[in-house]
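2 protein chains.
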Amino acid sequence: MKYSTIKILPLFLGGILFSQSKQDSLQFRNIADEILVNGTAYENLHQLTKNIGHRLSGSDAYEKATDWAVLKLKEAGADKVWKEEVMVPVWERGKESLQIKDQNGKWKPLRMLSLGNSEGTKGKNVEAEIVFVKNKEDFDKLPDAAIKGKIVFFNYAFNQKFISTGQAYGDAGKYRRSAASWAGKRGAKAVIIRSLSSAFDDVPHTGMMRYDADDTFKIAAVAIGPKSADELEKTLKTQKVIAKLNSNCAMKGEKLSHSVIGEITGNKDKSVIVVGGHLDSWDVGEGAQDDGAGIVQSIEILRAFKKMGLKNNHTIRVVCFANEENGVKGGNKYAENIKKNNENHIFAIETDGGGFTPRGIALVMSPEKRQQVQSWKNLFLPYGVYNFDMQYAGTDIEPMEPLGVPLAELVPDSQRYFDIHHSDEDTFDKVNRRELLLGATTMGQLIYMIDKSW
Amino acid sequence: MKYSTIKILPLFLGGILFSQSKQDSLQFRNIADEILVNGTAYENLHQLTKNIGHRLSGSDAYEKATDWAVLKLKEAGADKVWKEEVMVPVWERGKESLQIKDQNGKWKPLRMLSLGNSEGTKGKNVEAEIVFVKNKEDFDKLPDAAIKGKIVFFNYAFNQKFISTGQAYGDAGKYRRSAASWAGKRGAKAVIIRSLSSAFDDVPHTGMMRYDADDTFKIAAVAIGPKSADELEKTLKTQKVIAKLNSNCAMKGEKLSHSVIGEITGNKDKSVIVVGGHLDSWDVGEGAQDDGAGIVQSIEILRAFKKMGLKNNHTIRVVCFANEENGVKGGNKYAENIKKNNENHIFAIETDGGGFTPRGIALVMSPEKRQQVQSWKNLFLPYGVYNFDMQYAGTDIEPMEPLGVPLAELVPDSQRYFDIHHSDEDTFDKVNRRELLLGATTMGQLIYMIDKSW
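Respectively, the protein sequence lines represent chains A and B.
Take the first sequence: its letter number 163 is residue 163 in the UniProt record's numbering, and every next letter is one higher.
Take the second sequence: its letter number 11 is residue 11 in the UniProt record's numbering, and every next letter is one higher.
Be careful, since some hints might not be right.
Here are the computed lysine-lysine pairs in the BS3-like style, where the Cα-Cα straight-line distance is at most 25 Å [claimed, not checked]: (1) B/Lys148 <-> B/Lys174; (2) B/Lys306 <-> A/Lys161; (3) B/Lys134 <-> B/Lys148; (4) A/Lys161 <-> B/Lys430; (5) B/Lys161 <-> A/Lys307; (6) B/Lys22 <-> A/Lys161; (7) B/Lys377 <-> A/Lys377; (8) A/Lys80 <-> A/Lys339; (9) A/Lys430 <-> B/Lys227; (10) A/Lys174 <-> A/Lys161; (11) B/Lys161 <-> A/Lys22; (12) A/Lys101 <-> A/Lys234; (13) B/Lys311 <-> A/Lys161; (14) A/Lys161 <-> B/Lys122; (15) B/Lys377 <-> A/Lys161; (16) B/Lys161 <-> A/Lys377; (17) A/Lys148 <-> A/Lys122; (18) B/Lys430 <-> A/Lys50; (19) A/Lys234 <-> A/Lys95; (20) B/Lys430 <-> A/Lys227; (21) B/Lys311 <-> B/Lys74; (22) B/Lys430 <-> A/Lys430; (23) A/Lys227 <-> B/Lys377.
From chain A, some residues computed to sit far from chain B (all C-beta separations above 12 Å) [claimed, not checked]: (24) Glu43; (25) Gln99; (26) Asp201; (27) Trp376; (28) Glu435.
Since the hints were derived computationally from the structure, they do not count as laboratory data.
All figures in this text were calculated on a predicted structure; none of them were measured in a lab.
Just so you know, even glycine gets a beta-carbon here, dropped at the ideal spot from N, CA and C.
Use the sequences and the hints to build the structure in full.
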């Protein structure tokens, strides 16, 4: 295409300069310029993903990532950097395979991933007939005899009608979280789910599941890609299918680990503004969008503020949370410690929806504070950030809600995230430099406003 | 990340149901559902990019693409499909290479692409010292003696500060379009430009250049990737560099070609609403985002309307324009013909900014019509479409402006487009299914409103 005849009305800018403080508008521009031109987030993400790669809680790679984060926070100019101790669960995948027997009696392997935190088959073959259900309602209608001794296959698809894919993910989430419990309680041998994916490829996606406290037998739970799921459903309509699952995943107790924290000291007081993401990832792919992006964006804000010599009133603290994916131990410990140490937190923002082009900021705070942030909307509009109506906050900062801390989460464009989330496809090449830096810009601009206003 | 605790306020929906017609809001939803669930645009784009690939005007591939478009429009349910004859320029690239001589006298090849429509070196080596300038101002300051007989290298970088990359592209565009004329007039042997790219990789990007009518000697013009450009600039600061260019590109006259048109007849009258993109591409990559996306999105709208049995008042016409990239002959011929045939066109929209997640609609029309479209904004908000302030229209429909036709262009998110535009990187895998379908949804929704209102 050509843009030779582009004519863009300076509507937004005009509106801002007269209705909002000119200084804020200029400072927004300065923050954007610094990050878009000199930002190091993209190069940092390349290091994290390529030199360390995926980094599940409890793994050696995760501890390597904590050392890397300490170094990066120091390089960015933090006045103080430390590791916060936290006990995390250790879950290990090990070797795993899933096969189905075709009409000629030949075994055919399916691409699969055991779900995070699930128990495996202890290296033994679990062989059984597959019983297919579309959803929980169909499952509930089946008699116990149809489930007992079988491998239950739930093929509940991601609902493409939702515009925010986060809503579709929420809608399908119970199958990943709970299907093993539902089926285990009724005597099934194992459970297969369709991956929580917005794509139509054959990539399997992992993610956290849990057993109920009253589950007497913890059955193995695995995910297959959307394509395999649809093919399997089709096959099951005309014939019986036997599956053979062999997996070694298991919980291996707990281990001492760390969140990583760095801050620039407040010039006026010691109250704290938190910006963060989670440093851990699943044990597949490179944890690039989930949530390497959030980590490097948070560090980027500290770097930019320091470089620009912004005189922050309050302490601005970057928190790289441990263990978001399979326990939220980092987030819980952080909230516990601020209570214990009697620290005053005036605001916390997390980003864990990927480093995609930003569209808004979700707010969880009092109606008064919410309205105040929404009143800054015109300052954000020239940066494509317009949606301040959503109401949710990151998993790691939610434990601060009962302490009365106003919370927020960056709302990046959601269309591509669940194509790659928790899978081997979540790699550096899926991240765009400008999109990543714009996300950091939005959060930096919000922190600038809150630091001067609260 | 987890979305388990997502809480989304039904603010938008509430607002719409009471302030706008409930029926419009429901019809918007129906159009979105049909396209997001049953849309074939993504599969069609796979066919176009993988079975045909790039398709420069005048090439056999382009003519193959016209047959494919006829077939797809028929499959989509068009009442009438035809080809519109148009003479297009034929430009051919041929073999080409650019080398620079290092300090040891060894030649090193640089990745390069001749600029579209440029003349080459007729297969002969053009060897000369490189003279570096950052921009036009620096070039103007150089004495003729410093330019004559040299190869001039312009390293004007894409300005990362613009939030809309289209503006950065516009800002840098004159170097691609005019550098050969500037340098040729002052006796240079050839010109090298930094590619118009938002990335920092080494991918060269082509695109249209032109000679001035009074250029006595048409010198060769080539582009190199950003990385090579920066390295070359660095080298030139400490030493002389000799370059050797050999290229065979040339204009080869004209050829009869075709735009492809398909329509569903209006139920009330014969006035026409146009939706389109351009079927041609540059001779590199696969023309996926530029503008295969626009073609399959336009066809998608026709398919969805037909499938849904929407009773369109006016004729809805898909135009797959010929020769946008290097001549705009298709767009000019189309405007010429509607005047000749005395057809009444009430609206035309083009999309040529890629099949990325939509953010708005740019409008070129009377203030009254503009205001009316802007008054529909709340209907679009739940789909992430909020920006109705920009004022430009696609290159192919611009020739309709003097005829008084109200024009629009889809405004997709611009962050990733110029990383791949006009390069070997513009391939199918850069397109996301949901983003592509959402773009079609936005245009379909707008056409629904205009069809019932105008």
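Outcome of the hint check:
no., hint, result
1, B/Lys148 <-> B/Lys174, "holds, 21 Å"
2, B/Lys306 <-> A/Lys161, "holds, 20 Å"
3, B/Lys134 <-> B/Lys148, "holds, 18 Å"
4, A/Lys161 <-> B/Lys430, "holds, 22 Å"
5, B/Lys161 <-> A/Lys307, "holds, 17 Å"
6, B/Lys22 <-> A/Lys161, "holds, 19 Å"
7, B/Lys377 <-> A/Lys377, "holds, 17 Å"
8, A/Lys80 <-> A/Lys339, "holds, 20 Å"
9, A/Lys430 <-> B/Lys227, "holds, 20 Å"
10, A/Lys174 <-> A/Lys161, "holds, 18 Å"
11, B/Lys161 <-> A/Lys22, "holds, 19 Å"
12, A/Lys101 <-> A/Lys234, "holds, 15 Å"
13, B/Lys311 <-> A/Lys161, "holds, 23 Å"
14, A/Lys161 <-> B/Lys122, "violated, 55 Å"
15, B/Lys377 <-> A/Lys161, "holds, 20 Å"
16, B/Lys161 <-> A/Lys377, "holds, 20 Å"
17, A/Lys148 <-> A/Lys122, "holds, 20 Å"
18, B/Lys430 <-> A/Lys50, "holds, 21 Å"
19, A/Lys234 <-> A/Lys95, "violated, 28 Å"
20, B/Lys430 <-> A/Lys227, "holds, 20 Å"
21, B/Lys311 <-> B/Lys74, "holds, 18 Å"
22, B/Lys430 <-> A/Lys430, "holds, 10 Å"
23, A/Lys227 <-> B/Lys377, "violated, 37 Å"
24, Glu43, "violated, 10 Å"
25, Gln99, "holds, 29 Å"
26, Asp201, "violated, 10 Å"
27, Trp376, "holds, 16 Å"
28, Glu435, "violated, 5 Å"
Violated hints for the displayed structure, listed by number in ascending order: 14, 19, 23, 24, 26 and 28.
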